[in-house]
Amino acid sequence: MRIMVSACLLGTNCKYTGGNNAHAKVLALARDPANEIIPVCPEVMGGLPTPRPPAEVQPGGRVVTQDGRDVTREYRAGAEHCLALARKYQPDRIILQSRSPSCGVRERYDGTFTHTRVPGQGVTAALLVQNGFSVEDVQDIGPEGCSDR
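Going by the numbering used here, the first residue of the sequence shown is number 1, and it counts up by one from there.
By construction, these hints were calculated from the structure, which means they are not laboratory data. A virtual CB, placed ideally from N, CA and C, is assigned to each residue, including glycine. Some hints here could point you the wrong way.
The calculated label-pair distances, taken between Cβ atoms and stated as ranges, are [as the list claims (entries may be wrong)]: (1) Gln58 / Glu36: 33 to 41 Å; (2) Asp32 / Val118: 17 to 25 Å; (3) Phe113 / Arg73: 19 to 27 Å; (4) Asp32 / Thr114: 36 to 44 Å; (5) Glu36 / His115: 16 to 24 Å; (6) Met1 / Gln139: 15 to 23 Å; (7) Tyr89 / Gly68: 32 to 40 Å.
Given only the sequences and the hints, what does the whole structure look like? Please build it.
As structure tokens, then:
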């Protein structure tokens, strides 16, 4: 099975804090020799450094860092790069990090930097869905790496 996955879930230190979100069930999927893993980090692919200031999607779709810098261009560039990889490799599954301004599948933060969650997708998740790809939130991975949804 071909699986595109947020690189932070595989233990890659690409999270905005410089750390990762290593996830045991994703790591188990990666260890399975039957799976081909395609790691992606839209923020890094869009040219942002690690670590970097936290960013959130604002009302209207702009992505802004906590210190006020508009990074929409970088987020869109990373999303486009991920879309190109999805088109090239046609993954069977796409597993993304929860609540991320790039990868959030069902919800993200509201743009106020108050940890307030709102329904909606991150920039990359939305672009993939708009182009016909199905995306999974890592929180929905059940036993044996199957989707609970």
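- prompt: Which numbered conditions among the earlier hints are violated in the structure presented, ordered from lowest to highest?
  reply: 2, 5
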